[in-house]
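Novice: Could you build the full structure based on these sequences and the hints that come with them?
Line by line, the protein sequences give chains U and H. Read left to right, the first sequence gives residues 1 to 603 (the UniProt record's numbering). Read left to right, the second sequence gives residues 1 to 603 (the UniProt record's numbering).
The hints are simulated quantities; they were obtained by calculation from the structure and are not laboratory data. There is no bait here: all hints are sound.
Since the list gives no way to pick out one identical chain from another, each pair is judged satisfied if it fits inside one copy or across any two copies.
Calculated cross-link-like contacts (lysine-lysine; reagent style BS3-like; alpha-carbon spacing at most 30 Å):
{"hint": "1", "residue 1": "K60", "residue 2": "K37"}
{"hint": "2", "residue 1": "K54", "residue 2": "K37"}
{"hint": "3", "residue 1": "K224", "residue 2": "K242"}
{"hint": "4", "residue 1": "K60", "residue 2": "K117"}
{"hint": "5", "residue 1": "K476", "residue 2": "K152"}
{"hint": "6", "residue 1": "K375", "residue 2": "K390"}
{"hint": "7", "residue 1": "K60", "residue 2": "K93"}
{"hint": "8", "residue 1": "K54", "residue 2": "K93"}
{"hint": "9", "residue 1": "K194", "residue 2": "K446"}
{"hint": "10", "residue 1": "K194", "residue 2": "K37"}
{"hint": "11", "residue 1": "K160", "residue 2": "K332"}
{"hint": "12", "residue 1": "K54", "residue 2": "K194"}
{"hint": "13", "residue 1": "K446", "residue 2": "K205"}
{"hint": "14", "residue 1": "K157", "residue 2": "K205"}
{"hint": "15", "residue 1": "K78", "residue 2": "K374"}
{"hint": "16", "residue 1": "K446", "residue 2": "K203"}
{"hint": "17", "residue 1": "K194", "residue 2": "K468"}
{"hint": "18", "residue 1": "K37", "residue 2": "K134"}
{"hint": "19", "residue 1": "K390", "residue 2": "K76"}
{"hint": "20", "residue 1": "K203", "residue 2": "K224"}
Protein chains: 2
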Amino acid sequence: MEVTTENFKEVLPSILQAVERADFVAIDAEFTGLRRKETSRYCELDTIEERYIKAREAAKDFGMIQFGISAFRYIKEKSSYSHATFCFYLLGKTGDMLYYDNTSLKFLADNGFDFNKLFKSGLPYLSILEEAEKRGEFVNQALEPFPPSPVKVAEEKARKFLIETEEKIDALLEDESREVLVLPGGTLPGFFRKLLYNNIAAKYKNILIRSLTTDQERNIEIRKFDSPEARLKFLEEERERKLDEKVGFTHVIRKVLESGKPLVGHNMMLDLLHLIQKTVQPLPDTLEQFKNVVKANLPTIYDTKLLAKDPPFCVDIPITSLGILYSELCGKFSPPDFIVEEGYESHSLSGGGQAHDAGYDAFMTGVCFITMVKKLDGSNWKNKSVIRSKHLSQFSSRLNNMNSHDIPFLNLVGPDVQTDRSRIFCVDCPAEWNVGNVHGLFNMMKPIKIVWVSSTFLYVIPPEDIDKSGCKQYLKGIQASCPPMVRVRLYGDTLSVKRKSQSDDASPGVEASASRVHEYKRLKSVGSDQLSKMTLESPSMEEVPPIYANANDNGKRMKTNQDAATDGVFAIPDEWCEIPDREGRPHLVPLVLALFIFFKWFW
Amino acid sequence: MEVTTENFKEVLPSILQAVERADFVAIDAEFTGLRRKETSRYCELDTIEERYIKAREAAKDFGMIQFGISAFRYIKEKSSYSHATFCFYLLGKTGDMLYYDNTSLKFLADNGFDFNKLFKSGLPYLSILEEAEKRGEFVNQALEPFPPSPVKVAEEKARKFLIETEEKIDALLEDESREVLVLPGGTLPGFFRKLLYNNIAAKYKNILIRSLTTDQERNIEIRKFDSPEARLKFLEEERERKLDEKVGFTHVIRKVLESGKPLVGHNMMLDLLHLIQKTVQPLPDTLEQFKNVVKANLPTIYDTKLLAKDPPFCVDIPITSLGILYSELCGKFSPPDFIVEEGYESHSLSGGGQAHDAGYDAFMTGVCFITMVKKLDGSNWKNKSVIRSKHLSQFSSRLNNMNSHDIPFLNLVGPDVQTDRSRIFCVDCPAEWNVGNVHGLFNMMKPIKIVWVSSTFLYVIPPEDIDKSGCKQYLKGIQASCPPMVRVRLYGDTLSVKRKSQSDDASPGVEASASRVHEYKRLKSVGSDQLSKMTLESPSMEEVPPIYANANDNGKRMKTNQDAATDGVFAIPDEWCEIPDREGRPHLVPLVLALFIFFKWFW
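Specialist: Right under this line is the structure:
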């Protein structure tokens, strides 16, 4: 069901009820753009902090113009899932000033997005923080800022207007059958308007004059009251009603967050950041602060793209974009039955829909989620809703980190995977350089992968069979043959410099932890895959797999999926490593060290 | 006629012809917003340079999404005007990143603007400067940046794909009846795509592989050639054709500018700035540089709002917004007959249209222009096209400067009016201050007019009966009673400080000219009116009224029009003054002064 200002009030109760009854809520959003500056383009070797900063910038710069919510519920007796899907058109608050990328909007228009509906009847929203601030301001804010003071009237026309208006108001005051008088305001000169708000308002204490826009006509309403108190009460109620209207779509999000129902999205980092920025509070400056905001406000989150990039799905479905994933899962992995929640219009498996409509995308996401978890649960799936599957814990509160060389996800509730990039070369070059120049410089190692960061900086990822010390050896040769204006070094150097500035306000011991790093060899052979074997701590403590999983190296299989193909031309094993979390929970490595020191000194 | 990518190619010749035949071209534009920051809000006491900076910022920040052109031509034998009107939907170039104000877009949508048409089929455009730069780049730019190098293929599926594709290409090369082979690309994994562009392209020299998007399908076209030269020629033509497509709407504007036909707009400062920014070159930093750009690129310009604010129109039509002006002029000032230019769809006087559609607005602007000039010409109007009226010279190349206290227009081709603001008070106050506090501080002078610039700075305009020395006297009393944190001074101080910084790179003699100022007492009684009596030099030297017109002071009539009413609550005469232009043409005042000194000394 599409939700706009036309039907919002009417359907809000049923939306809230659908959320209340749901097992989980699938979401999707559409934006006015993805990246404002060339320097904000995602780079495969972004650190996870850099990636957050880039995504945060997009969520601050661009509009969120559509939001889809699909509330799913397991009906055990029918072994099927009911769903109710809503597609909200979002305009935001008056005077919101955001960027649009005409290419993004063309893409949406070509996919059937109705921009006329958006701009005519899009819903307003305020963030929960903005709403609280407004309510705070009410306490000290007078309902009428300044008592009206009459202005001089010299001109005949104006005098006449005043007298006529006063006669009309006197008639209104005497007529018990009427509450209001409406004056046509469309062609009223501004000075006459001023006379109303100053001279008339000063003369009559128990009336209220306000502009009123109906059907694109600009009128002026004069309303009478029995007493000044009744007038003030009316003003207060109006203020409350107007704020309530401004909160708009956030009424729905507040309900979703307060209900604690898990959120499910597909490749949902941007969706989640936009959602927080627009309806919760401004996104904080650092990833660490962001995680605190998430912990304080959001329920558990699942990203279907992460599930899809894991076996068994990645084997059969190499492309994980939502539309293709949905049709492939429906074709190959026998989804359960879906029935439309009674009393709701919604999509259906057979009915089809328009991809990139946030409602349909949310629906498809929910179907993908259920179908994948059903598959993971095997024959047990009928016992309970998929949302209670033990297989979910390893995906809990992790966002797919798209187009990353070695960081497959952002961990919303704990430390992120630490990467070892000491084999990667960093190259500063003149702006005229192209791929040929880079291949020329690195001609002794083949095949290399080039990752351009800007026209004057790039990374070179060496072939997998060259190890760290090999890279150091090559570096000497390369530096010796470097043309002027070109500087080559290994990532470690850059990284340590960066880390220094980044960790200024981080907890102490980060540097030290690098030496305590626990490394995983992992083949990025099929998607950013085998996530299940690579898990860190999970926020859900039930069914958590061991903190340190077994290293997993499947050897030299060629990458064959979409990611592999777009990432590069050869398969490289990624080194993964992990640092203990910074919040002081005891970890194995320091414990072993302490025991070692203890025994060394006392035995 | 609406013009989009659907019909642009087809109708372009007839558009160019209509411009070629026209006497003048009326224009109008619609934008995605007007003002991004609160500090960019127009203030009645903006200097003309400040106003340019604010308008320039808007033209850089926001999109121009619709442009209307109405080409008018006088047909003497019928004593009527023909017209051809075009409404262009404008999307701009791929990846243009601009702001949108959701309130502005809602306003347009409520007035029938078709955003779906805009984003699906809006025209591209490049500025004339951008086009020249692109052509310059072609000289040194290789048609193909880097020769393809094959990548390793290990996986069975990929091997199979390569072999099958090679078979298809071999068949294409042998088949004389076919030029191209199209491969479905929508579901092609990225790595397979890479194989095409690297391995296949490296093997076959006389083919061209490129992606092809048709009907939202992403396909890959493989085209064969007889020789490498034929292939290069095709690439070159393609590059030229693509640039031509990107130039899009600018083809029309280039024609308009090159034709030298006068441009007519209504309150057209923003329209003109957007037009230059988007289709000519980036707007320069200063007003002076901007005037040079205008002089170098633009024909004569007339702003109908300035005509409408002058007698006799302002007397009968107090509101000068386009829609109201149009219907009032048609009702009260007997427009001539209008006939639709043969072969063109267009609007008509009787047919009506949708205000805020740029095409209809341009048409209404042209009708207003002709009707007003016809009135000014009196019984002579049938002799020639209005564009040759002697009454136009005083409006030539002047843009209405909306919502200004004392600067009614921006002079595009000469110096602007210099104002005397030495009676105006400048007040720095705490952010908590409101109108009541200001009235309290200025309680000895009534009525005052308050012009807020920010929450901590405002101007106070004293009643007209207090002269400069009176203001200085009051200042002492006000300063004596000033609460802490409040500072009051007269405008002169502020102004001289500002001037100093502003005139760093201005021509010398600006400061000196202030003492040579020639003042006009002028009643802002009906519009920013009686412009005809207040003229500076006009760029058209024929029929120019005397440079120094008689001072005109109609005394104490109350302001009754829209401007007066929104400006303030009382009528104040505005002081106008003028400095000689900076380009060295002799002026009367220095001449008179020189003669005076000459006679004083020698007689």
